[in-house]
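Since chain B is already given, all that's left is putting chain G on it; use the hints.
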Amino acid sequence: MTMTEDPTTAPSYKWVGSRSVRPDGLDKVTGKAQFGADLKLPNMLEGAVARSPHAHARIVSIDTSAAEAMAGVHAVITAADLPDLADAGSKTDDIFMSEKILARSKVLWEGHPVAAVAATSREIARAAADAIVVVYEALPHVLTVDEALADGAPVLHDAMITRGVEPAPEAASNAASRVVHERGDLDKGFADADTVLEREYTTKPVHQGYIEPHACVADANQDGRANLFVSSQGHFSLRAMTATTLGWSPSQLNVTPAEIGGGFGGKTTIYLEPLAVRLSAKSGRPVRLVMGRDEVFKATGPTSGSRMKIKMGVTNDGKITAAEVWMAFEAGAFPGSPVGAASMTAIACYDIPNFFVEGFDVVCNKPKVAAYRAPGAPIIAYGVESIVDELALAIDMDPIDLRLKNAAVEGTQASYGPEFPRIGFVETLEAIRDSEHYKSPVPEGYGRGVASGFWFNIGGNSTATVNINEDGNVNVIEGSPDIGGSRASMALFAAEEFGISVDRVSVKIADTQTVGFNDVTGGSRVTLATGKVVIDCCRSIKEDLRRRAAKTWDCEIDDVEWVEGQAQHVSGTETPLSLADLAAKAPRTGGPISVTQSENVRGAGAGFTTQLVDLEIDQETGVCRVARYTTAQDAGKAIHPSYVEGQMQGGVVQGIGWAFNEEYIHRSDGTLDNPSFLDYRIPVASDLPMIETIIVEVPNPNHPYGVRGVGEAGIVPPMAAIGNAIERATQCRLNNLPMSPIALLDAINRRG
Amino acid sequence: MITVKFSASLRDLTGDDHEVLVDAPTVRRLIKVLDERYPGIGERLSEGTSVAINGEILPDALYEDIPDGAEVHFLATLAGG
Numbered sequence: 001m002t003m004t005e006d007p008t009t010a011p012s013y014k015w016v017g018s019r020s021v022r023p024d025g026l027d028k029v030t031g032k033a034q035f036g037a038d039l040k041l042p043n044m045l046e047g048a049v050a051r052s053p054h055a056h057a058r059i060v061s062i063d064t065s066a067a068e069a070m071a072g073v074h075a076v077i078t079a080a081d082l083p084d085l086a087d088a089g090s091k092t093d094d095i096f097m098s099e100k101i102l103a104r105s106k107v108l109w110e111g112h113p114v115a116a117v118a119a120t121s122r123e124i125a126r127a128a129a130d131a132i133v134v135v136y137e138a139l140p141h142v143l144t145v146d147e148a149l150a151d152g153a154p155v156l157h158d159a160m161i162t163r164g165v166e167p168a169p170e171a172a173s174n175a176a177s178r179v180v181h182e183r184g185d186l187d188k189g190f191a192d193a194d195t196v197l198e199r200e201y202t203t204k205p206v207h208q209g210y211i212e213p214h215a216c217v218a219d220a221n222q223d224g225r226a227n228l229f230v231s232s233q234g235h236f237s238l239r240a241m242t243a244t245t246l247g248w249s250p251s252q253l254n255v256t257p258a259e260i261g262g263g264f265g266g267k268t269t270i271y272l273e274p275l276a277v278r279l280s281a282k283s284g285r286p287v288r289l290v291m292g293r294d295e296v297f298k299a300t301g302p303t304s305g306s307r308m309k310i311k312m313g314v315t316n317d318g319k320i321t322a323a324e325v326w327m328a329f330e331a332g333a334f335p336g337s338p339v340g341a342a343s344m345t346a347i348a349c350y351d352i353p354n355f356f357v358e359g360f361d362v363v364c365n366k367p368k369v370a371a372y373r374a375p376g377a378p379i380i381a382y383g384v385e386s387i388v389d390e391l392a393l394a395i396d397m398d399p400i401d402l403r404l405k406n407a408a409v410e411g412t413q414a415s416y417g418p419e420f421p422r423i424g425f426v427e428t429l430e431a432i433r434d435s436e437h438y439k440s441p442v443p444e445g446y447g448r449g450v451a452s453g454f455w456f457n458i459g460g461n462s463t464a465t466v467n468i469n470e471d472g473n474v475n476v477i478e479g480s481p482d483i484g485g486s487r488a489s490m491a492l493f494a495a496e497e498f499g500i501s502v503d504r505v506s507v508k509i510a511d512t513q514t515v516g517f518n519d520v521t522g523g524s525r526v527t528l529a530t531g532k533v534v535i536d537c538c539r540s541i542k543e544d545l546r547r548r549a550a551k552t553w554d555c556e557i558d559d560v561e562w563v564e565g566q567a568q569h570v571s572g573t574e575t576p577l578s579l580a581d582l583a584a585k586a587p588r589t590g591g592p593i594s595v596t597q598s599e600n601v602r603g604a605g606a607g608f609t610t611q612l613v614d615l616e617i618d619q620e621t622g623v624c625r626v627a628r629y630t631t632a633q634d635a636g637k638a639i640h641p642s643y644v645e646g647q648m649q650g651g652v653v654q655g656i657g658w659a660f661n662e663e664y665i666h667r668s669d670g671t672l673d674n675p676s677f678l679d680y681r682i683p684v685a686s687d688l689p690m691i692e693t694i695i696v697e698v699p700n701p702n703h704p705y706g707v708r709g710v711g712e713a714g715i716v717p718p719m720a721a722i723g724n725a726i727e728r729a730t731q732c733r734l735n736n737l738p739m740s741p742i743a744l745l746d747a748i749n750r751r752g
Numbered sequence: 001m002i003t004v005k006f007s008a009s010l011r012d013l014t015g016d017d018h019e020v021l022v023d024a025p026t027v028r029r030l031i032k033v034l035d036e037r038y039p040g041i042g043e044r045l046s047e048g049t050s051v052a053i054n055g056e057i058l059p060d061a062l063y064e065d066i067p068d069g070a071e072v073h074f075l076a077t078l079a080g081g
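Respectively, the protein sequence lines represent chains B and G. Just so you know, our numbering puts 625 at position 625 of the first sequence, and the rest follows in order with no gaps. Just so you know, our numbering puts 47 at position 47 of the second sequence, and the rest follows in order with no gaps.
Just chain B, same shape as in the assembly:
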């Protein structure tokens, strides 16, 4: 279902908003699509990585001689084969990135790479990696923010002084930084409230769970250049990071994007790429590196575990008067948790006059976290949307009415600073309130929960080229890896602009030497930003086509208009010229028809969602079944509704897994106990009902078609919505994720 802001005034389109066949579908269902591990080159070697068995240890020595002596082994590398960026005076973040790729003096988590091998087979490479002798001096470890912030905790980085604290601490600690947002008078705000609740929540690290493991093929040349074929969310960013780690210039690398089997933020950074390039350079042969699933879990970034303390006050008539939020997020081995974004999104849905939000970025002995869909927002929303629901229960108010009463609208000063432009939060609340699902009675034994979420969405740098072929068909060349249907969206934009069938548009994602720079596919930015440059290319070409038609007819360009795929003379005296006609005349009217556009695109539109879940709860076992789920999300404008619905459903499904099952479970020695999909359980189709979608369309005024971006906001509310449903059915509030059957049964038993 789609709910447009004002259907009577909304523009009508022929192609934008249609459900065209996905352009990558045929190659994927026939097995032709090339993913990261699919490339095979002549003489290619297979790689393997030797990893730390310890959560925290000093490296005393590394002996690679046995591995190097093995038949079939062609190269072995350690950190000594990469430049020491600390010695080079590089930025701290780059030094940390390099140490993430290969440990230099200490290992900081189980799975931290210490060496890599290239050999004639994967089996030989694995055996050689296992033959590398590393002598460690084990160190005490910290696995959670509680352990990392405790007095006397072992410190991971001796020089880490907490940023954002005044005066600056004298001693190093595991707290990398502190962020604060505040407004108003907190004491007065709580004094004005009739009900004040204070709660504490924890969450565990969870992985993005992409099905395709990290994989790449590197082929280094003798001239100091290399080709890299890799599955990622941003081959330009990977080029830059890989080059920095190698001490190279980005131009020494050409990176070709493979098809991607899921990313969700986790493929915006590097793990294998510098190792593959260095092994290839050292062996003189192409090298392929592919992670196993256990390596994906142990050595790539999940999102943070956390502890949160939230206090919130409300009047009896439903005005939230104050909020105090404290949160500490695990960053893993190096600083960089999404606590900054979490602190900005925490209460962004609401217009609260008095608040204090404080967040800490905390390192611990786990893999460095990576981005995961709306990074940070789902974690803090679990706490905030849970306590908002408890406030509604406490004052006996409908949870949607309470949210409507406090909802941020156009002109509200967001909790993180600026005023919101036109946003669609209220519309998502109204869409759920007015849905058949919300109006239906809650079945006996079921619980019904509501929660909302916010994500910024971003713009950023994009480049595209649009070429008109001799037959009048259109090629779009862009550089944003397609993880959510962007090729279909770009084709629809071009078809709409030119007024031609979408079947006549092909879209290619080009390598780093073929197309200009593009930021990562992340932040829900590609349909907005890359779409904007594709639209601009098409509009420039249409101007050029009108000029060429005017030349053909010996008239002024203003006498020519572009209507439904052809140039027409305003007088109607000339036979219209189609795109194919003009393409055929191109050599005589100015040459090939092509435009390239690059832009740092502004004007991203904030995204909001409200979600509703019905749970069937077995109070004898603690098992919950998602019986019905409806999500309403403001897309601005749905360019391809099927993909938009898919993004909305995908976010919800990942959130359902986060709510019930998913967690990193560590043993007391700091090693991961569940590095497989058998023991780390993500939802499968049989766990779920069809997720019902309501696409809300409140157009973003800063985009030609009103696009906001839809890839991330959907994952923000599910954990709170499910927790709220559980409480309403069982009177048990679960304040720790995951809300497993064991946890719920324990709460039910304690309730009595």
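Honestly, the hints are just simulated from the structure, not real lab data. Please note that the accuracy of each hint is not assured.
[Unchecked claim] Derived CB-CB ranges, DEER-like:
(1) B:Arg588 to G:Asp23: 54 to 62 Å
(2) B:Ile395 to G:Asp16: 31 to 39 Å
(3) B:Ile161 to G:Arg11: 13 to 21 Å
(4) G:Arg11 to B:Arg547: 51 to 59 Å
(5) G:Glu43 to B:Ser686: 50 to 58 Å
(6) G:Glu36 to B:Arg163: 16 to 24 Å
(7) G:Ser46 to B:Asp187: 31 to 39 Å
(8) G:Asp60 to B:Val155: 31 to 39 Å
[Said to hold, decoys possible] Listed below are the simulated DSBU-like cross-link pairs for lysine-lysine, each with C-alpha atoms no more than 35 Å apart in a straight line:
(9) B:Lys542 to B:Lys508
(10) B:Lys28 to B:Lys542
(11) B:Lys311 to B:Lys439
(12) B:Lys508 to B:Lys40
(13) G:Lys5 to B:Lys91
(14) B:Lys188 to G:Lys5
(15) B:Lys32 to B:Lys14
(16) B:Lys309 to B:Lys188
(17) G:Lys5 to B:Lys309
(18) B:Lys282 to B:Lys32
(19) B:Lys508 to B:Lys551
(20) B:Lys91 to B:Lys282
(21) G:Lys5 to B:Lys405
(22) B:Lys14 to B:Lys585
(23) B:Lys28 to B:Lys14
(24) B:Lys204 to B:Lys405
(25) G:Lys32 to B:Lys91
(26) G:Lys5 to B:Lys319
(27) B:Lys106 to B:Lys204
(28) B:Lys14 to B:Lys542
(29) G:Lys5 to B:Lys311
Since we're looking at a predicted model, the values are computed, not measured. Each residue gets a CB set at the ideal place from its N, CA and C atoms; glycine is no exception.
Showing chain G alone in chain B's frame:
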């Protein structure tokens, strides 16, 4: 003149100043003026910061023009998944 509103994370440098009026036509010039008034803030604002001008959040905004009468906020750089 433009109005600059400081987040609490900058108060260690701006003290009790929650907002100031500044005459600056670009973000670069604004940071320079602020650094003269609050020594050290220039370094903080030049890296890892987005700028919101009249509500629109702009990454990489150092050379962005600021219209007269605008409201400006400095925010953490945003990334996504």
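Hints, one by one, checked against the model:
Take B:Arg588 and G:Asp23: their Cβ atoms lie about 55 Å apart, and the range 54 to 62 Å holds. For the hinted restraint 31 to 39 Å between B:Ile395 and G:Asp16, the CB-CB distance of approximately 36 Å keeps it satisfied. The hinted range of 13 to 21 Å is satisfied by B:Ile161 and G:Arg11, whose Cβ atoms lie roughly 19 Å apart. At roughly 56 Å, the beta carbons of G:Arg11 and B:Arg547 sit within the given window of 51 to 59 Å.
Take G:Glu43 and B:Ser686: their Cβ atoms lie about 55 Å apart, and the range 50 to 58 Å holds. A beta carbon spacing of about 23 Å between G:Glu36 and B:Arg163 agrees with the range 16 to 24 Å that was offered as a hint. The supplied range of 31 to 39 Å is met by G:Ser46 and B:Asp187, whose beta-carbon atoms lie about 36 Å from each other. Between G:Asp60 and B:Val155 the beta carbons are some 34 Å apart, a value that agrees with the proposed interval 31 to 39 Å.
Only pairs whose Cα atoms come within 35 Å are accepted, and B:Lys542 paired with B:Lys508 is accepted, the gap being roughly 21 Å. Straight-line distance between C-alpha atoms of B:Lys28 and B:Lys542 comes to about 33 Å, which keeps the hinted pair within the 35 Å bound. In summary, the hint linking B:Lys311 to B:Lys439 is supported, as the alpha carbons are separated by about 31 Å, within the 35 Å threshold. Under the criterion of a C-alpha separation no larger than 35 Å, the hint pairing B:Lys508 with B:Lys40 is consistent with the structure, at around 21 Å.
Restraint check for G:Lys5 and B:Lys91: the C-alpha separation of about 29 Å stays at or below 35 Å, so the hint holds. Note on B:Lys188 and G:Lys5: the hinted pairing holds, with a Cα-Cα distance of about 22 Å set against a maximum of 35 Å. For a cut-off of 35 Å, the pair hint linking B:Lys32 to B:Lys14 stands: about 31 Å separates their Cα positions. At roughly 20 Å between alpha-carbon atoms, B:Lys309 and B:Lys188 fall within 35 Å of each other, so this suggested pair holds.
Taking the CA atoms of G:Lys5 and B:Lys309, the gap is near 27 Å; set against the 35 Å cutoff, the hint holds. For the hint pairing B:Lys282 with B:Lys32, the CA-to-CA distance comes to about 32 Å; that is within 35 Å, so the pair holds. Straight-line distance between C-alpha atoms of B:Lys508 and B:Lys551 comes to about 32 Å, which keeps the hinted pair within the 35 Å bound. A distance of roughly 27 Å separates the Cα atoms of B:Lys91 and B:Lys282; the hinted pair therefore holds under the 35 Å criterion.
Between the alpha carbons of G:Lys5 and B:Lys405 the distance comes to roughly 27 Å, so the proposed pair stays at or under 35 Å and holds. With a C-alpha separation of about 27 Å, the suggested pairing of B:Lys14 with B:Lys585 holds against the 35 Å cut-off. Distance hint between B:Lys28 and B:Lys14 is fulfilled; the C-alpha atoms sit about 27 Å from each other, no more than 35 Å. As the CA atoms of B:Lys204 and B:Lys405 are separated by approximately 32 Å, the hinted pair is consistent with the 35 Å bound.
Of the supplied pair hints, the one linking G:Lys32 and B:Lys91 holds, its CA atoms being roughly 23 Å apart against a limit of 35 Å. Note on G:Lys5 and B:Lys319: the hinted pairing holds, with a Cα-Cα distance of about 26 Å set against a maximum of 35 Å. Between B:Lys106 and B:Lys204 the alpha-carbon distance is near 25 Å, which keeps this suggested pair within the 35 Å criterion. A hinted pair counts as satisfied when its Cα atoms are at most 35 Å apart, and B:Lys14 with B:Lys542 qualifies at roughly 17 Å.
Annotation: proposed proximity of G:Lys5 to B:Lys311 holds, straight-line Cα distance about 26 Å (limit 35 Å).
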